[in-house]
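Taking the hints as your guide, dock the two standalone chains into a single complex.
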Amino acid sequence: MSGRRETLKILGAIGATCATPYSSNELYGQHAGHDGAPLVQIQMPAGPKTLTAAEYALLSRMADLIIPATDTPGAVAAGVPRYMDYVAAVNAGMRQLLAKGCQWLDAQCGKAHGKRFVELDEAAQVALLEPLCARADRLAVLGQGAMEERFFKAVKSLTADGYFTSKTGLVDTLRYTGNTVMGEYPSCEG
Amino acid sequence: MADTIFDVVVVGSGASGGTLAAHLAGMGVNVAVLEGGPPINTRTDFNTHAMPFQFPNRHIPTMKPGKQGFQSERARGVGGKSLTWNAVAWRLSERDFQGRAHDGAGENWPLHYADMAPWYEKIEREVGVCGNLDGLADLPDGIFQPPVPMKCTDLAVKRGAAKLGVKVIHVRKATLSRARGGRPACHFCGNCMAGCDVVAKYNSADVHLRPALKTGKLAIFHNSIARAVNVSNENRVTGVTYLNRETKAESVVRGRVVVVSCACVQSVALLLMSKSRLYPDGLGNSSGHLGKHFIPHFTGGVQCFLKEFIGKGGVNDEGFLDHAYVPSFMHARQRDYARSFGVQFNYQNHRAVGWARNLPGMGKAFKESVRERYPAFLTFSPYGEMLPNEKSYVDLDWTKLDDHGLPMARRHLHWGENDWKIFRDMTAWSVRILEASGVEILNVNQQPAANHELGGARMGADAKTSVVNQWCQSHDVKNLFVVDGSVFPSASEKNPTHTMMALAARTASYIAEGLRKKELA
Numbered sequence: 001m002s003g004r005r006e007t008l009k010i011l012g013a014i015g016a017t018c019a020t021p022y023s024s025n026e027l028y029g030q031h032a033g034h035d036g037a038p039l040v041q042i043q044m045p046a047g048p049k050t051l052t053a054a055e056y057a058l059l060s061r062m063a064d065l066i067i068p069a070t071d072t073p074g075a076v077a078a079g080v081p082r083y084m085d086y087v088a089a090v091n092a093g094m095r096q097l098l099a100k101g102c103q104w105l106d107a108q109c110g111k112a113h114g115k116r117f118v119e120l121d122e123a124a125q126v127a128l129l130e131p132l133c134a135r136a137d138r139l140a141v142l143g144q145g146a147m148e149e150r151f152f153k154a155v156k157s158l159t160a161d162g163y164f165t166s167k168t169g170l171v172d173t174l175r176y177t178g179n180t181v182m183g184e185y186p187s188c189e190g
Numbered sequence: 001m002a003d004t005i006f007d008v009v010v011v012g013s014g015a016s017g018g019t020l021a022a023h024l025a026g027m028g029v030n031v032a033v034l035e036g037g038p039p040i041n042t043r044t045d046f047n048t049h050a051m052p053f054q055f056p057n058r059h060i061p062t063m064k065p066g067k068q069g070f071q072s073e074r075a076r077g078v079g080g081k082s083l084t085w086n087a088v089a090w091r092l093s094e095r096d097f098q099g100r101a102h103d104g105a106g107e108n109w110p111l112h113y114a115d116m117a118p119w120y121e122k123i124e125r126e127v128g129v130c131g132n133l134d135g136l137a138d139l140p141d142g143i144f145q146p147p148v149p150m151k152c153t154d155l156a157v158k159r160g161a162a163k164l165g166v167k168v169i170h171v172r173k174a175t176l177s178r179a180r181g182g183r184p185a186c187h188f189c190g191n192c193m194a195g196c197d198v199v200a201k202y203n204s205a206d207v208h209l210r211p212a213l214k215t216g217k218l219a220i221f222h223n224s225i226a227r228a229v230n231v232s233n234e235n236r237v238t239g240v241t242y243l244n245r246e247t248k249a250e251s252v253v254r255g256r257v258v259v260v261s262c263a264c265v266q267s268v269a270l271l272l273m274s275k276s277r278l279y280p281d282g283l284g285n286s287s288g289h290l291g292k293h294f295i296p297h298f299t300g301g302v303q304c305f306l307k308e309f310i311g312k313g314g315v316n317d318e319g320f321l322d323h324a325y326v327p328s329f330m331h332a333r334q335r336d337y338a339r340s341f342g343v344q345f346n347y348q349n350h351r352a353v354g355w356a357r358n359l360p361g362m363g364k365a366f367k368e369s370v371r372e373r374y375p376a377f378l379t380f381s382p383y384g385e386m387l388p389n390e391k392s393y394v395d396l397d398w399t400k401l402d403d404h405g406l407p408m409a410r411r412h413l414h415w416g417e418n419d420w421k422i423f424r425d426m427t428a429w430s431v432r433i434l435e436a437s438g439v440e441i442l443n444v445n446q447q448p449a450a451n452h453e454l455g456g457a458r459m460g461a462d463a464k465t466s467v468v469n470q471w472c473q474s475h476d477v478k479n480l481f482v483v484d485g486s487v488f489p490s491a492s493e494k495n496p497t498h499t500m501m502a503l504a505a506r507t508a509s510y511i512a513e514g515l516r517k518k519e520l521a
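As they're listed, the protein sequences go chains L and G. Just so we're aligned: 148 in our numbering is position 148 of the first sequence, and the numbers increase by one with no gaps anywhere. Just so we're aligned: 301 in our numbering is position 301 of the second sequence, and the numbers increase by one with no gaps anywhere.
Worth flagging that the hints you see were computed from the coordinates, not collected in a lab. Take the hints with a grain of salt, since some may be wrong.
[Said to hold, decoys possible] In silico negatives: residues of chain G with every beta carbon more than 10 angstroms from chain L:
no., residue
1, Asp115
2, Gln145
3, Met150
4, Ile169
5, His187
6, Asn191
7, Asn233
8, Thr238
9, Pro407
10, Lys464
11, Glu519
[Stated by the list, open to error] Stretches of chain G that chain L covers, calculated by requiring three or more beta carbons in the stretch to come under 8 angstroms of a beta carbon on chain L:
no., region
12, 273-287
13, 305-315
14, 329-342
15, 360-372
[As the list claims (entries may be wrong)] Derived DSS-like pairs (lysine-lysine); straight-line CA-CA distance at most 27 angstroms:
no., chain 1, residue 1, chain 2, residue 2
16, L, Lys167, G, Lys64
17, L, Lys167, G, Lys67
18, G, Lys364, L, Lys115
19, G, Lys518, G, Lys478
20, G, Lys364, L, Lys167
21, L, Lys49, L, Lys100
22, G, Lys364, G, Lys312
23, G, Lys214, G, Lys517
24, G, Lys275, G, Lys158
25, G, Lys478, G, Lys158
26, L, Lys49, L, Lys115
27, L, Lys167, G, Lys158
28, G, Lys214, G, Lys122
29, G, Lys478, G, Lys275
30, G, Lys400, G, Lys275
Since the model is a prediction, treat every value here as computed from it, not as a measurement. We put the beta carbon where it would ideally sit given N, CA and C, even for glycine.
This is chain G alone, in the form it adopts within the complex (with noise of 0.2 angstroms):
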């Protein structure tokens, strides 16, 4: 084996690797996947229908016992963060992409909208994702399922909203509203965070891996922790150093393109440990923009009952978590930032009430207080788009190695001037929108969380600027490329596993087009 150089050598397993691996082993071009961790069998090795009572610690934990491999910190196992991904499927718009042209803030993207919408569309073609055509201009809609009905909480949340001028929408998930391809349709078991065991919900290793190993054109290398992606003296990466999870020992797969995909900050932190003579700060780093521009999601949030539903007795709404959003309406409105946020609600799991020992009182009045507010229960949670800026980075820190003697990632994040007038502002109308539903209000949050990392590693037109271009290619070297969310140059308030898949299509098609042109290798 050792001796097989293959065409291209995908680090990473998940919603970006897995997907671009699959499109190159379709396309003929054999493909050797890297991945940390062991194979996860998502039918049986989740935790997908306990309850917090069959654990001592009251706890579901996410894996079965004796499933080690897998944590969401650092996601080892065949398929990555899409196994325990939530599975909602944004399409960004023009205006996502070319930002910078409406408000002068962030940076546009090297690309636009025209340039994706077909690898969109691919995508949902493949994946299949649910949702409405709701033809907003700012929420580009696609191919899609039916839609999930909204809960009887999230109408109520619709209506108080349409007061206020503000729309509710139906959510978009790659998750299956209708059977097909060989999966089941959802089952609305509401635990989809704990990987979904019938695969109505997308995961990239039985949606995308699993059917590609049938082409003979794929190969996955279990257990294997990347190291560093090998460069020549010729300035052509040649290959990636693994180590094997388990005994350590240390190996070499070969390949005539690299793809670093494995989830944003660590994509990161393998190119900045794969030091070399050309480059001593980093692989790809002649820029020394690796790092910067980590731009993730701010997230902040209410907690709160809706007075129509407290005491309304128990209904199984748990459905598949969120079913309901609020898109961006601010760039209609006037305002003192640039960019945008919208709101997920609803997505709490009915087994954990960790909310109940925040009501106030003893005795039986307590117990039926928390018993009367259990059906009316909402959280809303807003995500915001972050402005990159110079405190917010990616590095390594030495002086901490994990098992396998590397280094681990360290992230600087500080909100900007312009992060906290959007958090105080979604926070605000989140305020507005909940009381105009009826709601007795029992916490707001603060202070901003950090969530969905993005950027670190961005695409631009100026390679003095950014680290690789619209194909996710290097600008510095050729045959290196990092397709996942550290290239996005900036975020959008919508999540972006879409986007990343929609990325990995488009750069599998231009790498198997380079490899046949014999321009890559």
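Here chain L stands alone, though its shape is the one from the complex (with noise of 0.2 angstroms):
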């Protein structure tokens, strides 16, 4: 090491982190990240901060019919409300969208039964969601087409983004198996 400081010369260096530590040894060895250390799920706050009590209950309502618990949980069951809150927070376009949105479904909702969506019979609450997925379905990119077509269009993104790049979504359900560290790459070619 001192061999090496003799040699070395750092120009505009800042303190002492940029004298470069680099030594071969130490750069290609082992390290944190092929410990096998379990990568965990950041802990977001419980509840909402940004969106209100009932919209945060309908929104978490629309996102566990869009991706339901099966044979592994559902959105909500995997933080997928937590992250749209956090998603609210950081863009006032969405937040408006998502706001705008839950009231329009409230109003359908009290035309048709007199009750808000949360209320509803989950049978009741598809045969709403479904049609307007349908029309949302067929809108080419987020930004056009109605209000409520946007809104779904949005919440069923923030659903998918949020559901498979969580722990549940990424790992248990498309059993992601990838970040290790491989002798070789397995030959497909038999």
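This is the structure we're talking about:
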């Protein structure tokens, strides 16, 4: 190490962190990230910080209808509503669309059933959402179509993104098995 | 230190600057490298092994918390963009260097494949490139480590393409498939573009600069943002004025030779910023061609699901991203445009599932539909060669200054008629190949997107229509050099970095010789 210091010239260095700590034996050794420590899902705050309690409840219900529990947990158990609340906090346009959409959906339920969306039974909820889903699926990109179509597309996108990047979605449901250390790449050719 | 005069000052520490500086130091030349960002510890600074659910926004940041020096747009950090490249390493062919001679379009390089072949070989021996010997006329073979096996999904595309007489070959990458030189072989963790924490993948900081520090001939100026290359009234560059990234204090580093290697558009910007009495329109710009002939690649693409893999369950096949490639096959076919395209595919990282939201339906069926298609997802991304046109150029926006008061580079891009013809044909061929391979198509990109920035300070034999000569030496100022993608007079359809590194090695040899003979300084 002392020999290295003699020959190594670092100019414009600010503080000790700039004294490049390279040396071959430490560079290519094993280290954090290959140690097999489990990668765990980040702890998000419980309950909404940005969405209202009513919006949070409605969106949670929608998320679980879009990705329900089957042999693996559904969207709510995977933390999707908390992810939605996070996105609403950092994206004002999304926050507004979610608020408007929740209002619209409850108004529809009021007209048809005299109830709020979360008070309907599952069959009634699905009957409301499935035609809306079909309309939203035809939208080429986020930002087009009627408000309620954009709303559903946004909720479905948030649900899919949030779920399939969660530990439940990515590892337990899709069975992601990558991010490991392989001695050699397995051949597919017989 | 202010009194030191270095033999060579290199601005930029990426694949071009890093290779050049290391080669010079190895030949006993005193080199200073100016790097706009901090040192990067590739072993610990990147989030190579992270998962999306560890972050509130579900996006894996490239760097660990507190490591703010590195962004891909202006990659400030020792190693530059070589830290986050995908390492695809092709040799260009004689047809690529002399394209105009074949089809009358674009520009020829002022050199031939035979001039470059020894330097490609030198780089391959130095950094390690894995690949197969394919014997293709337009994609010369090199000195390769064994190729990495193709993915099962690659082989499905290979079978489909074969029905149309189109070849699929092993990708060639500057990533080790066998351990060598103190670097381990790739371990296939699948996140190559977020740094490689074991340096199986080449980066200039670890493979070129770190060993070069041991020569005692190399000094790295960290956090030093070049503001101007200085030129004397005797028409010689004398050094570089730079700003400290944190304190913004201004200093000068002096050199007998200056090399600008700060990544294509940024190199052009630095030269345009370097105004003087001799060069009021930018240093080395007596031709008026600096900034012109901006020719990035354009890409399109198809997202699809291979039917034979739908419902096949999870497999660990991220590998080192793309393992296969469709080399240009149009040269032997009738077509109504000049130049060609090649196709990279299967380079998605399975940690992101952004396509799921675009599948139809909701409920249990939707969830199952995503799960079944997850192992079958494939992106197919053809890259086409752009021809230079007058509406595509780089200039400076003096109304938009960055944190250091320097003007932002502005990219003007216009796709010409030939570009659109290639784009439409490469999109049609992509769909044809995929349909022959048996796919459900999810999306076909309808607009070209720029990638691999090239051109802006092109090389040529004629000083009136180019910025540098075949040695990357300014036509105007003999001790000024530009070495990176900006000097490409034509792009080819192939990923460019290997050629930049070979050019850097070739130019380093020319500079060392010039210094020895006292022709440069």
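### Query
Hint by hint, which ones does the structure fall short of?
3, 5, 6, 12, 14, 24, 25 and 27
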